[in-house]
Every structure is written in C-alpha cells, then in structure tokens.
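Residue numbers (the numbering used here): 1 to 706.
Hints listed in this document are in silico derivations from the structure and should not be mistaken for laboratory results.
Careful: at least some of the hints might be erroneous.
[Unchecked claim] Here are the computed distance ranges between Cβ atoms for each label pair:
id	residue 1	residue 2	range
1	Asp508	Asp435	29 to 35 Å
2	Pro264	Val427	55 to 61 Å
3	Ser602	Gly445	56 to 62 Å
[Unchecked claim] Straight line, CA to CA, 20 Å or less: simulated SDA-like cross-link-like pairs of lysine to any residue:
id	residue 1	residue 2
4	Lys599	Arg641
5	Lys599	Thr646
6	Lys335	Leu385
7	Lys335	Val363
8	Lys599	Leu578
9	Lys335	Ala397
10	Lys599	Thr576
11	Lys599	Gly589
Ideal placement from N, C-alpha and C gives every residue a C-beta, glycine not left out.
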Amino acid sequence: MTFLSPLFLAALGAVALPVAIHLLNKSKVLRIRWAASRFLDAALQRNRRQLQFEDLLLLLLRCLFVALLALAFARPAWLAGGLNVGSGGASTAVLVIDHTASMGQAVGPETRFAQAADAADTILSQLPAGSSVALLFASDQVVRAIAQPTTDFSVVRRTLEGAVPSARGGDLFTGIKDAADLLRPLAGRRDIFVLTDSQAAAWAQQEKIAALRNELGSSISLNILPLAGEPETNLAVTRLDLGASIPAANQPVRCAIEIKNFSPSPATNVRVTLAVNAGEPIDEALIPRIEPNGTATVELFASFRDPGYHTVTASLPADALVADNQRALAVSVVKQLNALVVENASRADGFFLTNALAPVAAVELPRFYLRSTPGSAAALTPPNLENTDLVVLTDAASLPASATAALLAYVRAGGALFVFPGQSTDVSFFNEDPDFAALLPARLGPIENTADTRGLPLASRDHTHPVATLWNDPESGDLGAIRLNRFLPLTPRDSIGDSVSVLLRLADGRPVALTREVGSGRVALFATAANTDWSNLPVSPSFIPLLHRLVAWSTQRAEPGLVIAPGQPFIRTFPTDLAGRDFSILRTGDPQGRRVAGKIESADTVARIRFDDTASPGGYALFAGDEPRPLITFAVQVDVRESDLTPVSPETTSTSPDLKTQISDLKSAASAAIAAPREIWPWVIAAALLLALVETALAHRFSQAK
1 MTFLSPLFLA ALGAVALPVA IHLLNKSKVL RIRWAASRFL DAALQRNRRQ LQFEDLLLLL
61 LRCLFVALLA LAFARPAWLA GGLNVGSGGA STAVLVIDHT ASMGQAVGPE TRFAQAADAA
121 DTILSQLPAG SSVALLFASD QVVRAIAQPT TDFSVVRRTL EGAVPSARGG DLFTGIKDAA
181 DLLRPLAGRR DIFVLTDSQA AAWAQQEKIA ALRNELGSSI SLNILPLAGE PETNLAVTRL
241 DLGASIPAAN QPVRCAIEIK NFSPSPATNV RVTLAVNAGE PIDEALIPRI EPNGTATVEL
301 FASFRDPGYH TVTASLPADA LVADNQRALA VSVVKQLNAL VVENASRADG FFLTNALAPV
361 AAVELPRFYL RSTPGSAAAL TPPNLENTDL VVLTDAASLP ASATAALLAY VRAGGALFVF
421 PGQSTDVSFF NEDPDFAALL PARLGPIENT ADTRGLPLAS RDHTHPVATL WNDPESGDLG
481 AIRLNRFLPL TPRDSIGDSV SVLLRLADGR PVALTREVGS GRVALFATAA NTDWSNLPVS
541 PSFIPLLHRL VAWSTQRAEP GLVIAPGQPF IRTFPTDLAG RDFSILRTGD PQGRRVAGKI
601 ESADTVARIR FDDTASPGGY ALFAGDEPRP LITFAVQVDV RESDLTPVSP ETTSTSPDLK
661 TQISDLKSAA SAAIAAPREI WPWVIAAALL LALVETALAH RFSQAK
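Modelling step: build the complete structure from the supplied sequences, incorporating the hints.
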C-alpha cells in the first residue's frame, strides 16, 4: 500500500485532540463527608468499572475517527510490492526500446519495433498522474531521444511516432545501465521498462544485466517486457567477398556470396542477384534448397568498365527482415598489375611462369590486367620495385645483399613475393641469409627424388587455404592429378607461428607450398620448381587458375575504413586542393538518387570529409562536386548476428522473471507492469462515517441514567 498525498499523514497528530479534550473535561468532584454516604459506596464501586470502560471505548472511537480522516486525506492506495510510504503514486520512468536491426522484422502489417512503440504508448496511458518519462533507444549506440524525464507525454508520443527501426547491432546492457544511471540521483518511485524482441544476440551480456538488477534491488524497478512468438522465416546475405579474384578493369571478377537460412524450415528456389554500383543486376543464380540453419555459397561475376572505386551489392528477395536482404562491398579496381619474374640465367623456368601469368595472345597483352616482365636479380632495386605488384623468383641460387634488403623492405611495405626453387637453389643461402630467410615461411631441406616413377600426388580435397578451397568442389578439377618427381622438403619455422598457412600438401600430408604474411605483404614458398622436370604442375589445367588466385590473394589489400557499421560516421582525408568543394552521395537503392551531402573541409594540410547519415545498409559512392566518377566508395554492412532471430532461452537466463514466461500480448504486459495504485480513500471515508455513527449511538446510550 502507498499514499498518494503522504504529507497529510502529519494530520495523524490530531489524534491527540480527543485525548486532550477528554482529560480537560474530566469531572472534578468535591468530596463532602456526611454520615449517610457509606450507604452509597457499595453502589459506586459496582458502577465505577463500567463507567471507565465506556469512557475509554468512546475515547478510542473518537481517536480512530480522527486517524481515519487523516488517512483519507493522505489518499491511501494499493500498490504491488507492499507498503511504500513516502514514494507517492507518480513515477519517474525510463522507456528503453530495443533499437537493433532484428526489431525491424515484420509481423503481419507492422514491425516488432512498431509493436514495442504501441506497448510504450500503453505504458504512458497507465502511468499515474504526475509521472515523468525519458526515452532511450538501445543498440550498439544508446540514443537518448528524450534525455531528461518529462511530464509532457505528447512529446514522448510524437518521438515514438517518428522513430523507425535501425540496422544496428549490439545488446541491451548499455541501454539498461544508462537508464539506471539516469534514475539513481532521483527520488520517489522509479521504473525502467525494457521493450525488446528478446533476440539472443541482444542478451549477450545477460549476466551483467542480472547483476545490475540485483544491485538496483527494490529502489528501481526493472521491468523486462519481451515480445513473444516464434521467429519468422529469414534468409540473409551473410558474406560477400572477391575470394581469390583480382578486381581489374574490363575483367570478370568472381564474387563469393554466402546465404544463410535462419529458419526452422528449408528454403527453396532462392534467387540471388549481383549488381555493380547503383545499376541493375548483372548476374544471378538460383539456389534450389537451403536446409534449416544451413548455408549455401554461390559465385557470381561482376565486371568494371573503369579503374577506381566501385561497389558491388548481392541481394535477395524481400522477406520479414529487410535489413539483411542485401550486402554491399566497396572495391578498388586496378587498371593493370605489374609482375617481375626473376629467373636464373642458366635455366628457363620463367617461361612457364611468364606465360601462366599472362595466358593471352601477344596482341592482347597490352590490355590484359596482369603484365609479366622477365628480369634478373639486378632488377631488384627500390626504384624498380616501387611500381611492381608481384615479384616471382625461380631457380634462384643466391642474391646479393642489396637485392635481399630491397626485397625485405618491399614485402614489408605490402608487396607480394613467390619463390620457386630449382636445381640451382643454394639451400644454405635460403635458410641462413638474414634478410632472405626473414621472408620465408619455412626452411628447405636437400632435394628429394621420389621412388615412384609416377611421382607423389598432391592432396585432392580438404584444402583450407582460401586460394585452394576452389578445388574442394570436384567440378573445379582435381589437384590430386598434380604429381611431384622432385622437391625440397619444407619445415615451417616455429618462431613465426600463426602467420604461416599451408597452401598445398602431398596426399601423405606433407606441405609443398606455404604462405606467410610479412608486415603488410605476403610470401608464397613452393617446394618444387616451375618446370616439367620436377613435376607436371606447369602443364596441369589447374596451374593457371591456381597461380592467378594466388596473385589475387597476395595483392588484394583491404583498404581500412571502406566497410563500416550502420550509424558509424565515414571519415576520409584527401589532397588539400579539394577543400571547399561540395560533396554528394549516391546510395544503392536510394530513391532520392545522388544528393549534395556537405562540404569538404580544410584540416591542417589535408582536406577532410565526414559523412554521418549512414543508418541504412548498402553501398555508398561519394563524389566531389559534379564529377561523374566517385572520389571513393564505401559500404555499410549489418552485423550478421542480427539475422538470427532466435529468442533468448528462458531456462538459461536469470535476468528477469518476466523472461521465464513469454508474454503473448505485449500491450497487456505493459499495462500489468505498471502496477498502478488503486486508491482506497473513499472506503476509508466510509469507515470513518460509520465509526462516527457508532460513536454517536454509544455516547447516547451511555449517557442515559443507570
């Protein structure tokens, strides 16, 4: 029970008035002794106790009447949770609405977020008079839509009407903690109402939420109001990358797209499309079936007319959760890559490599994306390497110190290096030279000749390196058809640990090609030579795709900051001559098209762009002034965890008793959670009047002569 006007409880002191009046009006008896009084003593003794009882009963009734009047003016009311004297009925409340991407799931004609907004409106309707409310939207960023509690509920309702689901990820702990921090300094009744779809990802920190709930105790009421119901069917694009493809102008680029079925039932005939920039789809595929909670990967091809920055977008047909039906990627397209093939002057191993790197007719070489140039160790100088994307060493005996120092600096700065040993290889130089050995992922052993005249086969399947995973599919060919007659055993260096990966291995498991990341660059070391005396690798159908996938993997550089999360600002610096110009934005699928978004600012010695309107996922192209080609592109991607709509398990959480029973009607739950006090002062008034009647009747009866 609580009192809506607790100040009137001070009137309980008026109970002393009947007592004071009783004492003041107490009869003063004049004692006169006379002889016949002894005959009255017996009768007085018989009635004294009865008179005292009647006086005390009337005094008690009068005191109780005054007390009931005081309580009635204090407006007593029933409130769940026991006696809460002094808190009053008015509440200071904070509405915390789950604002993660999963709340955008459509349920019939409305979204989960709209259902939560309706429930919030119900809470506003049920709060006692004089209450105040703050409003928070909780995701990876807590948005204080109404930062300080207000008694003007129309402002809260207008804010809710204008709000839309976000595409952000995150969990609810930060939002609940912010709400608790906002209420701690305040007095009186305080309530937090959390409106959520109960998605498991949003409860990643449920232990911290439970600890916070225990810390708050009864001082701040934490009400968790979960939406119920089974998760709807949801398909999502969970991965989009270029795999082992080189994004070059006027060349087909293979894009790997992963689709996951976050549903309890299979998905059939799933159509996947691929678009470049803001254009129409240029390729598509139909996936016959994806099992429940299963994934499927398709490869579609994109092409880019011009070098520079572009976007590619993979899309699915619309379903209940729109935010994850597409995934975009920013791509930096090159015009041409330059490869330097350094070969031993006494041998011609470079012939196979040069032709495999550029497997086109001579007339097509100028237009091919990869230009291969033969050279010698003398070409390994810093000026030459500055414009070189790939260096291939074949059958190298040893290198001068100036060349190894230049190679080490080149790779650390982001260059790519392939090493094919041969008959002339100086094993001690490979293993002991301080600069060259610092590049290699393994030590080389002495040459081994295989006893089997057919050679030792490579492993056919179960490849883990991204370059070789293509051959896990039998339709892509069989690396097991490649056989080695001669090789140098590779022993990975223990000191470099996780930076080494197995590219190829023999059927018996021994590695015959290893890769390593050195600084910003990548190195690939083979155990066999690039000629037909050592193996049939150079004439294998898999050699050209293997080499080109390795080139793509080695030369791809994920430019930092081109993929951001929804709501994260995009910040970039450019040459200072762009300062002062307007910049415009074109987002994939935006019906507004290209629009002016701001001005390029001057910041010290550079020009700076900051773009904050990144709430919607997709590809973005940023233009300077009226330029037709984008200055840069970037992509906003939804957190993959938001696609899994599975609710948190009630059995595994102790966060809130509300979560142990899923509530089918959130509006009813919201109404019940208010626990609005039920005023009972009219009954107290009635009891006081009844008591007054009883006191009057008894006083009349007691006053009659006995």
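Hint check results:
Range check, Asp508 to Asp435: Cβ separation about 33 Å, and the 29 to 35 Å hint holds. For the hinted restraint 55 to 61 Å between Pro264 and Val427, the CB-CB distance of approximately 59 Å keeps it satisfied. Taken as a hint, the range 56 to 62 Å holds for the pair Ser602 and Gly445, whose Cβ atoms sit roughly 59 Å apart. Among the hinted pairs, Lys599 with Arg641 is inconsistent with the structure: their alpha-carbon atoms are about 35 Å apart, more than 20 Å.
Proposed proximity of Lys599 and Thr646 is contradicted: the alpha carbons are some 43 Å apart, above 20 Å. Proximity of Lys335 to Leu385 is assessed by CA-CA distance (about 18 Å); at most 20 Å being required, the pair is judged to hold. A threshold of 20 Å between alpha carbons decides the hint, and for Lys335 with Val363 the separation of about 17 Å falls inside it, so the pair holds. Under the criterion of a C-alpha separation no larger than 20 Å, the hint pairing Lys599 with Leu578 is consistent with the structure, at around 10 Å.
In summary, the hint linking Lys335 to Ala397 is not supported, as the alpha carbons are separated by about 34 Å, beyond the 20 Å threshold. The suggested pairing of Lys599 with Thr576 holds, with an alpha-carbon distance near 13 Å, which does not exceed 20 Å. For the hint pairing Lys599 with Gly589, the CA-to-CA distance comes to about 23 Å; that exceeds 20 Å, so the pair is violated.
Comparing the model with each earlier hint shows violations of hints 4, 5, 9, 11; every other hint is respected.
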